[in-house]
Amino acid sequence: MPERASPTVRRRRLGQELRRLRERAGFTGDHVADELGWSASKVSRIETAKTMPKRADVQALTALYEAGEAKQRELLDLLRDASRKGWWEDYQDALPQEYTTLLGLEEEAAFERSWEPQIVPGLFQTEEYAREVIRATQAIIRLPPADLRARVEARLARQRLISKPEPLTTWVVLDESALLRRFGGATVMREQIEKLIEVSQLPHVRVQVLPQDALHPVNTSSFIHLKFPEFQDVVYLELLHSARWVEEPVQVYGYELAFDHLRSEALGPDASRELMEKVIDRWK
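Using numbering that gives the first Met the number 0, the first residue of the sequence shown is number 0, and each one after it goes up by one.
Any given hint could be a false lead.
[What the hints assert, rightly or not] BS3-like mimics (lysine-lysine), calculated; alpha carbons at most 27 Å apart, straight line:
#, residue 1, residue 2
1, K226, K49
2, K226, K283
3, K49, K70
4, K53, K70
5, K163, K194
6, K226, K84
7, K70, K226
8, K53, K84
9, K70, K84
10, K194, K70
11, K163, K84
12, K283, K194
13, K163, K226
14, K53, K41
15, K194, K226
16, K84, K41
17, K41, K70
Calculated directly from the structure, the hints in this document are not laboratory data.
Construct all of the structure, not just a fragment, from the sequences and the given hints.
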């Protein structure tokens, strides 16, 4: 497996491949379920990576679809890799399920583009800032202290993605208000913006700030758009108690256009760093 290969991506890719084979064979999910003596929901859950199939399941499906021995071996290899454990699974009891899926998908993404109108993105947060951001929602979602600690640890572990030998290429558009909204004290904010300036100078990281007096062309909440070399693009939308994924190609493309509008109105990377330097002075 590649250095940044992810079992989460393998699970989704396996499901997609099985769905493509079914559609190519001209079968509906109900027809497959009838042929194999399964429920239609089992077929659907395998294809959407909500259920991990057994080896016998993959063999039965590929035989039904007449996929051939070579394709069956390829999918069984995917199944083997998909069964491995990712580091994020150590935190899954303390994290929303969709967020652990994000951590898994990011591991193999080739490119990430995100819009953040409220806070500094998690990939760039300091430990203290992350703790204050998570603590701010603790009273609402009633996180126990152990879960708060686990969420901070998971957020920091996620940041290894931008420091690995083969790092994730990241492009962020950040609203200026995120630099002005206080989490913790002035020291926390100052150190956070200093870190943001530092990571923005990495060759694989691009940070642009949308100033408050700029035209805001898209009225949308934060989103993360992930691109993969061998996997369809997906968009992650974080909600208060959970999150959801956008996978329908037309809708994903809409978020791609939204990002293009936002980055076109934002300051360039150098001007964005200059603005961040000025904002630091407000947090003395």
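Status of each hint after checking the structure:
{"no.": "1", "hint": "K226 with K49", "verdict": "21 Å, holds"}
{"no.": "2", "hint": "K226 with K283", "verdict": "39 Å, violated"}
{"no.": "3", "hint": "K49 with K70", "verdict": "22 Å, holds"}
{"no.": "4", "hint": "K53 with K70", "verdict": "16 Å, holds"}
{"no.": "5", "hint": "K163 with K194", "verdict": "17 Å, holds"}
{"no.": "6", "hint": "K226 with K84", "verdict": "22 Å, holds"}
{"no.": "7", "hint": "K70 with K226", "verdict": "25 Å, holds"}
{"no.": "8", "hint": "K53 with K84", "verdict": "16 Å, holds"}
{"no.": "9", "hint": "K70 with K84", "verdict": "24 Å, holds"}
{"no.": "10", "hint": "K194 with K70", "verdict": "47 Å, violated"}
{"no.": "11", "hint": "K163 with K84", "verdict": "19 Å, holds"}
{"no.": "12", "hint": "K283 with K194", "verdict": "16 Å, holds"}
{"no.": "13", "hint": "K163 with K226", "verdict": "18 Å, holds"}
{"no.": "14", "hint": "K53 with K41", "verdict": "12 Å, holds"}
{"no.": "15", "hint": "K194 with K226", "verdict": "25 Å, holds"}
{"no.": "16", "hint": "K84 with K41", "verdict": "22 Å, holds"}
{"no.": "17", "hint": "K41 with K70", "verdict": "21 Å, holds"}
When held up to the earlier numbered hints, the structure conflicts with 2, 10 and fits the remainder.
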